[in-house]
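The task is simple: from the sequences and hints, build the whole structure.
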Amino acid sequence: MSEALEELKAAALKCTRCGQCLTICPVYGKTHEESNSSRGKLFLLRSLAEGTVAPTEEMMELASRCTLCMRCKAICPSGVDTTKLILALRRYLQEQGRLPLGKKIAFAAITKGRLFDAAMSHGGFFQSLLFKKSEDGPGKVARLPIPAAGLNMRRVIPAFAARPLRKMVPAVSRPQGTPRARVAFFPGCMLSYVYAEAGKALIDVLTANGVEVCLPEQMQCCGTPLFASGDFAGADMLAAANVRALAGGGFDAVITGCATCGSALAQEYGTVLRSDAVRGAWEGMKNTVFDISDFLLRLGPKPYSYAVPLTATYHDACHLVRGMGVSKQPRSLIRAIPGLRFTEMGKPDVCCGCAGSFSATHYGLSRQILADKVDDIMGTGADIVATGCSACKMQITDGLAQAGSRVRVLHTAELLARAYGL
Amino acid sequence: MLSKDEVRAAVASIVGEKNLLTGHEDLTCYTYNAGGAAPSPHIPILAVFPSTAEEVSSIVKLCNSNGISIVPRSQGSGLSVNAIPESDNSIILSMQRINSIVIDPETLTAVVGPGAITADIKKAAAKHRLMYPPDPASFTFSSIGGNVATDAGGLQCVKYGTTKSYVSGLQVVLASGEVIRAGGKCIKDVTGYNLTQLFTGSEGTLGVITEIILKLIPLPQAKRAIRVAFGEIENAAKAVSAIMTSGVVPSIMEFQEQTLIRAVEDYTHAGLPVNAGAMLLIEVDGDVSTLKPQAESIRRVCEQLGMIDFHVAETSEEAEQLWVARRSGLPALARVAKGRLGGDPAVPINKLAQAVHTLFEVGKKHGIKVSCQGHAGDGNIHPHFFFNSDEEKKTAAKARSEFHYEIIKMGGTVSAEHGVGREKSPYITTQLGEAQVAAMLAIKKALDPNNILNPGCIFGGQA
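Residue numbers (the numbering used here), protein chains in the order written: chain A, 1 to 422; chain B, 1 to 463.
Misleading hints may appear alongside valid ones.
Unchecked claim - Restricting the straight-line Cα-Cα distance to at most 30 Å, the calculated cross-link-like pairs of lysine-lysine (BS3-like) are:
(1) B:Lys127 with A:Lys347
(2) A:Lys14 with B:Lys409
(3) A:Lys9 with B:Lys369
(4) B:Lys238 with B:Lys188
(5) A:Lys9 with B:Lys398
(6) A:Lys14 with B:Lys364
(7) B:Lys394 with A:Lys14
(8) A:Lys112 with A:Lys30
(9) B:Lys398 with A:Lys14
(10) B:Lys338 with B:Lys223
(11) A:Lys73 with B:Lys164
(12) B:Lys122 with B:Lys164
(13) B:Lys369 with A:Lys73
(14) A:Lys30 with B:Lys238
(15) A:Lys14 with B:Lys238
(16) A:Lys73 with B:Lys123
(17) A:Lys14 with B:Lys164
(18) A:Lys347 with B:Lys122
(19) A:Lys84 with B:Lys393
(20) B:Lys393 with A:Lys9
(21) B:Lys123 with A:Lys347
(22) A:Lys9 with B:Lys338
Derived from the structure by calculation, the hints contain no laboratory data.
In structure tokens form, the structure reads like this:
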């Protein structure tokens, strides 16, 4: 047995199999299959170490049935870091050659920074070949069914931005007068290439609050899609590039607008980074990583200038509420908007089922989880649902569009930008 | 004998391919339940998820005529190794997808599927201002089928009784595959033997429960939480019977001793009385006007027994704070040692002090750390035997065994609310006597002549 596996087994054995993680698991809640629960995955990890199961493709499939929503970690009475162990299980299986071919190709592309940038910047062009605009306009639907990617004819996926974020804003966005702070903004892939308008709104909100915002060169994908699938070596390359791009700039803070990027930068890199030197630089930087809402509240937001006479609700992205401990901050900023009525949904912190590529590889399951979220949102009677995660935005937009709902999904920063008249 | 593939094909023809699991990895996850007991070395042939009693009936018939063991199961949250395969020639019969909940406010009943989660039943009842009182600690994730099969208890049993007090009727698939209805919605019903109560607590050994009719009661108007601390553990234990005979019936009366109080305080920093030998967490409920007098009665009783702290939660936030201490028991205990063995014995309430004293004596004798908490109001204690090594685990098991025999001597029971499962079958003959076990085995034989229903559970190898 490998040493790594032995260590994982020891950690997994802390699980007393009490069952608290069962019904709160979005995946198990739909399938009722024991192997899909955290308890089941930890038992499989232990069985792998004991040699009673093998690192098969079926194992990778079971290990991939997790949205990494961290609710099991939050509730575990024995303090088992379930999410970390599930990632470690995927890592082990990936090292045993169990990464699906599609992901291998995609990850090879993501780690080639310049090529990836070129492809994503022109994503809009390539996308139009395969997708057409959905009828009521929130995104695109497939021209042809591509079942393997979960891209059936109904699924609404966002349109690539016509222009990437870097083409919309300068490398340094300066506020009027003396800056109150100088920050780096880490937009990640989605706010760069897909929801670039939301990325711009976030920068505008910061500059309106007297903050100088830099977009350092050489920033890459945060690496989550890779390590979430077990490819830690690929993620390490990206993480190291990002730390080099962000740590040396003397910034007061690194701002993220995507829950997943934020928790990767602030926490997951601790597991991902291999080089001691880079890790050292990261140690000095990690406590300066803030979600936009958290940063604004710490800074003291300037008063809003416009009323937004709408009803809004808020969806907690898993990686914000449990990953970065951010849930009160966006609510506090949204509630303060003049004219806005805020209403909570029943279960705001339950996963929407996106989980990055999970929504493509497990589209049916992802849709079932999403259906509860859509019902919850529609039950509030809100006009707008705000969230701090682009993946959630993409997923919820899809669900609402398919349910025929008119509720709009906005990044928290986009809602704030309206109140600042930006 | 059918081959594995033949069994799989036959079951698939009943429920459809989509409703069964046959992969080795999937099935490996059905070799354990809650708790740290060693998993079963036997991998079942399949796990099947029927949707109707008719499907269950067909599956049971198939197994009965081919000598295949059936392990009925839902959430696998049982704490006594209640539902694991005893042989490779077994199937897991998951009741999770038979999970409907229909509240019938006119008859104060709920008709539910065994796979329904108990918390969801409570929520559904509360919408009609009704209450389903049993609240095992697992109620947010355990199924009502499992609760009925083990006659699960919980905190509020002290006033409201255990699960069995609320089971009014059952639909059961017998080992023959025949479907019967025992009991119903009538409050009074003495036609024939009380099979409803026979199947309740039978741990899946006599039949497969496919529908449950539950009694509901009006939701109490209000409740209030109280925390009382005592310097001496014995006084806290004495206070329990004193309160119960004072005319007040608390809806909850939980007991925690010092090791646990300190572990919880270390974990939560909730401001618990760490110098107390033991404390009681009490809840009274009912009409708003009755709460204060109930709390006052309890205070008077506790004062006479030398309490050192008495705290009544004035707001719901304060009450929540008090209950954090109870709920944090498990995470706090996880920090005390690498592992622990638990249990669920009970004694008549006037023997509670003696039982706690005995627990510490047994711990001392074997040189291991022990602690306990419990649903003191009904004499049910949860002992903890801690260990940090495999060697110490063996000692802990020995100590627990000895404690179980002491409990029986006191007129107690080795299982109050988790069921016998496989963990406590070695004690049943001592507690029940040979004649009674033989009577039980005769019932088992009559209802399940081929011993296909959860074999090994309750009776060990005797069935």
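Outcome of the hint check:
no. : hint                   : in the structure
1   : B:Lys127 with A:Lys347 : holds, 18 Å
2   : A:Lys14 with B:Lys409  : violated, 35 Å
3   : A:Lys9 with B:Lys369   : holds, 26 Å
4   : B:Lys238 with B:Lys188 : violated, 37 Å
5   : A:Lys9 with B:Lys398   : holds, 27 Å
6   : A:Lys14 with B:Lys364  : holds, 26 Å
7   : B:Lys394 with A:Lys14  : holds, 18 Å
8   : A:Lys112 with A:Lys30  : violated, 37 Å
9   : B:Lys398 with A:Lys14  : holds, 22 Å
10  : B:Lys338 with B:Lys223 : violated, 37 Å
11  : A:Lys73 with B:Lys164  : violated, 34 Å
12  : B:Lys122 with B:Lys164 : holds, 16 Å
13  : B:Lys369 with A:Lys73  : holds, 28 Å
14  : A:Lys30 with B:Lys238  : violated, 48 Å
15  : A:Lys14 with B:Lys238  : violated, 36 Å
16  : A:Lys73 with B:Lys123  : holds, 25 Å
17  : A:Lys14 with B:Lys164  : violated, 34 Å
18  : A:Lys347 with B:Lys122 : holds, 18 Å
19  : A:Lys84 with B:Lys393  : holds, 28 Å
20  : B:Lys393 with A:Lys9   : holds, 19 Å
21  : B:Lys123 with A:Lys347 : holds, 15 Å
22  : A:Lys9 with B:Lys338   : holds, 14 Å
The structure shown violates the earlier hints numbered 2, 4, 8, 10, 11, 14, 15 and 17.
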